[in-house]
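Asks: Now for the letters of each chain:
There are 2 protein chains.
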Amino acid sequence: MAVYTQVSDEALAAFLDQYALGRPLAFKGIAEGVENSNYYLETSTGRFILTLFEKRVKAEDLPYFIGLKDHLAAKGFPCPRPVPGKDGQALRHLEGRPAVIITFLDGLSPRRPTTAQCRALGEGLARMHVALTDFPLRRENSLGPDSWPRLWDGRAASADALQTGLAGEIASDLDDIAAAGIPSLALPRATIHADLFPDNAFFLGDAFSGVIDFYFACTDALAYDLAVCLNAWAFEDSPSGNSDVLQYNFSKGANLIAGYESVRPLEAAERDALPVLARGAALRFFLTRLVDWTDTPAGALVKPKNPLEYAGRLAFHRKVTSIAGYGG
Amino acid sequence: MAVYTQVSDEALAAFLDQYALGRPLAFKGIAEGVENSNYYLETSTGRFILTLFEKRVKAEDLPYFIGLKDHLAAKGFPCPRPVPGKDGQALRHLEGRPAVIITFLDGLSPRRPTTAQCRALGEGLARMHVALTDFPLRRENSLGPDSWPRLWDGRAASADALQTGLAGEIASDLDDIAAAGIPSLALPRATIHADLFPDNAFFLGDAFSGVIDFYFACTDALAYDLAVCLNAWAFEDSPSGNSDVLQYNFSKGANLIAGYESVRPLEAAERDALPVLARGAALRFFLTRLVDWTDTPAGALVKPKNPLEYAGRLAFHRKVTSIAGYGG
Numbered sequence: 001m002a003v004y005t006q007v008s009d010e011a012l013a014a015f016l017d018q019y020a021l022g023r024p025l026a027f028k029g030i031a032e033g034v035e036n037s038n039y040y041l042e043t044s045t046g047r048f049i050l051t052l053f054e055k056r057v058k059a060e061d062l063p064y065f066i067g068l069k070d071h072l073a074a075k076g077f078p079c080p081r082p083v084p085g086k087d088g089q090a091l092r093h094l095e096g097r098p099a100v101i102i103t104f105l106d107g108l109s110p111r112r113p114t115t116a117q118c119r120a121l122g123e124g125l126a127r128m129h130v131a132l133t134d135f136p137l138r139r140e141n142s143l144g145p146d147s148w149p150r151l152w153d154g155r156a157a158s159a160d161a162l163q164t165g166l167a168g169e170i171a172s173d174l175d176d177i178a179a180a181g182i183p184s185l186a187l188p189r190a191t192i193h194a195d196l197f198p199d200n201a202f203f204l205g206d207a208f209s210g211v212i213d214f215y216f217a218c219t220d221a222l223a224y225d226l227a228v229c230l231n232a233w234a235f236e237d238s239p240s241g242n243s244d245v246l247q248y249n250f251s252k253g254a255n256l257i258a259g260y261e262s263v264r265p266l267e268a269a270e271r272d273a274l275p276v277l278a279r280g281a282a283l284r285f286f287l288t289r290l291v292d293w294t295d296t297p298a299g300a301l302v303k304p305k306n307p308l309e310y311a312g313r314l315a316f317h318r319k320v321t322s323i324a325g326y327g328g
Numbered sequence: 001m002a003v004y005t006q007v008s009d010e011a012l013a014a015f016l017d018q019y020a021l022g023r024p025l026a027f028k029g030i031a032e033g034v035e036n037s038n039y040y041l042e043t044s045t046g047r048f049i050l051t052l053f054e055k056r057v058k059a060e061d062l063p064y065f066i067g068l069k070d071h072l073a074a075k076g077f078p079c080p081r082p083v084p085g086k087d088g089q090a091l092r093h094l095e096g097r098p099a100v101i102i103t104f105l106d107g108l109s110p111r112r113p114t115t116a117q118c119r120a121l122g123e124g125l126a127r128m129h130v131a132l133t134d135f136p137l138r139r140e141n142s143l144g145p146d147s148w149p150r151l152w153d154g155r156a157a158s159a160d161a162l163q164t165g166l167a168g169e170i171a172s173d174l175d176d177i178a179a180a181g182i183p184s185l186a187l188p189r190a191t192i193h194a195d196l197f198p199d200n201a202f203f204l205g206d207a208f209s210g211v212i213d214f215y216f217a218c219t220d221a222l223a224y225d226l227a228v229c230l231n232a233w234a235f236e237d238s239p240s241g242n243s244d245v246l247q248y249n250f251s252k253g254a255n256l257i258a259g260y261e262s263v264r265p266l267e268a269a270e271r272d273a274l275p276v277l278a279r280g281a282a283l284r285f286f287l288t289r290l291v292d293w294t295d296t297p298a299g300a301l302v303k304p305k306n307p308l309e310y311a312g313r314l315a316f317h318r319k320v321t322s323i324a325g326y327g328g
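The listed protein sequences correspond, in order, to chains V and E. Last residue of the first sequence? That's 328 in the UniProt record's numbering, and every number before it is there in order. Last residue of the second sequence? That's 328 in the UniProt record's numbering, and every number before it is there in order.
Next up, chain V with everything else stripped away, as it sits in the complex:
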């Protein structure tokens, strides 16, 4: 939650000179996103977001992300659309960083999604998958199953320091997931968001109004995207208010799956694979959080998220044997 790169008056003026967006009326740093710097930009022709890409996004991936949003917007799927400059290019540089201007998308990110929002999100996710079926560019999932043993390498002591006995559980998760052979399963694979958490989805009331922040998008199993969403949308703190006790909200999960299937019914292989995909997705976020948790220096601008939230999800997934366990 931060703005990492400051933009000088001269640099902003020179940057905007390359667009036909009129004169600037407002420019404010937004306290959102942990990967990039985002500014609210208003000009005499409309409202925009200016994004400066920080180090974690690879410059060579940017044409893929821009092409993806262009493709979705052209299909009428609600997402920010990259704005080209006078030269037709959307991607340029500002303050030494790759930068784009994208259109402003109306909507609010839920802090605690409702069941109705989970259903609408499931529908939106499936609409996005359908719209991306013919997206021609490809990008490997750099945080897919093959990367998980690598992320875990040397982290066992950190895991046990967080929670005694956790290292052994994670090791057996990795063994079980390797045995399931996710990459070789016969699952429909196309373009997925791979990070569709509530802060990356917009709603107007309970109506889905769009998706933002595609910077983990890649070519992978569509059902894995649904598995990420089950982790991100259907777990919540216990009703007792004890935030250490994480519960799967069966109603939210069932609605998310039903919403998805109302647009794109899952194939039998996808239904069968959902438990291991959900467990794998939880492991992916556990592992990247564990890396951030142990590698982020004290006093850093952005406080790392607690990996244990995903250890709690893993404990749930270990006991699920079929999609029915998620309400599907």
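Calculated from the structure, these hints are not laboratory results. Worth double-checking, as some hints may not be accurate.
Pairs count within a copy or across copies, as identical chains cannot be separated in the list.
Below are the SDA-like pairs computed for lysine to any residue, each with C-alpha atoms no more than 25 Å apart in a straight line [as the list claims (entries may be wrong)]: (1) LYS303 <-> ASP9; (2) LYS55 <-> ARG111; (3) LYS305 <-> ASP9; (4) LYS55 <-> ALA11; (5) LYS86 <-> LEU204; (6) LYS303 <-> THR5; (7) LYS305 <-> SER8; (8) LYS303 <-> LEU91; (9) LYS303 <-> ASP292; (10) LYS305 <-> THR5.
Got chain V sorted already, so can you dock chain E onto it with the hints?
Replies: Only chain E this time, still in chain V's reference frame:
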């Protein structure tokens, strides 16, 4: 630069129910302001800023700040206007904090003001003073001359740790300023902003478009407000690019004073007092920064500003003997 207080979906919905602003279309934390939490709020009827007041602003002062903005807006001076709820009240509570919705003001804060912007700021400051002449509420300047010895008490070692010999210089600044007896000088006193730094002023190009963030406003000498602005607007890093060498930009200072006097000519007593007021204003910001610098724990959300930037200004002010030294 942070959002300190998060707002839940339910709390925001219940809060907006108390207004006739239509349905929310966007709600984003703004990475600006070090005292309060600010959100960009867009509804079907317009654009607003939602401010939650954090601990440094005293709740009993809020009616003063709200009344002040109401008064200025009623006079046509460009500033955010507090938005009343259906009950006519602008001040209410959200997430356990006092909170207000204010109108959105177009404009950009300069990072490095131009000479033309300094002139326009001077005019704007004087227009604000004139518009506030008949503002009936009063608030003592809690960071005025009487507070400075108290802020300094016990900080000499911290100052010397920053720069050898600095403690002795600050002590003699305090002696000289006490001898000048600022509070007893026969200066016009009314309502001042007291914190009109470039990030609190908006421009469209070089045209002044308004003032925000009145949370240090108080009843004090008008010329002291001009002295604060000379410190905040007319100093800059050396053209060599060495940021340790701070220079007074005579042209910017002269334009700031000329802009001010084009609307409200200074009285002889104000012109005579300007050097000690400018030195006092620099001391005030040096001292509050020194307190923040030594009292802020490492790893805090907001990094304290370096007090030495104001030690550099004090070194300049010590040598100025008349308003001509500032270009006035």
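Asks: Would you mind marking each hint as holding or not holding in the structure?
Replies: Going through the hints against the structure:
1. LYS303 <-> ASP9: between (29 Å within a copy, 23 Å between copies)
2. LYS55 <-> ARG111: For LYS55 and ARG111, only the inter-copy Cα distance (24 Å) is at most 25 Å; the intra-copy one is 27 Å.
3. LYS305 <-> ASP9: Answer is between; shortest inter-copy Cα gap is 21 Å, intra-copy 34 Å.
4. LYS55 <-> ALA11: within (20 Å within a copy, 36 Å between copies)
5. LYS86 <-> LEU204: between (33 Å within a copy, 22 Å between copies)
6. LYS303 <-> THR5: both (18 Å within a copy, 15 Å between copies)
7. LYS305 <-> SER8: between (31 Å within a copy, 19 Å between copies)
8. LYS303 <-> LEU91: Neither way: LYS303 and LEU91 sit 29 Å apart in one copy and 32 Å across, limit 25 Å.
9. LYS303 <-> ASP292: Both, since 9 Å and 21 Å are each at most 25 Å.
10. LYS305 <-> THR5: This pair counts as both: shortest intra-copy Cα distance 22 Å, inter-copy 17 Å.
Of the numbered hints listed earlier, the single one contradicted by the structure is hint 8.
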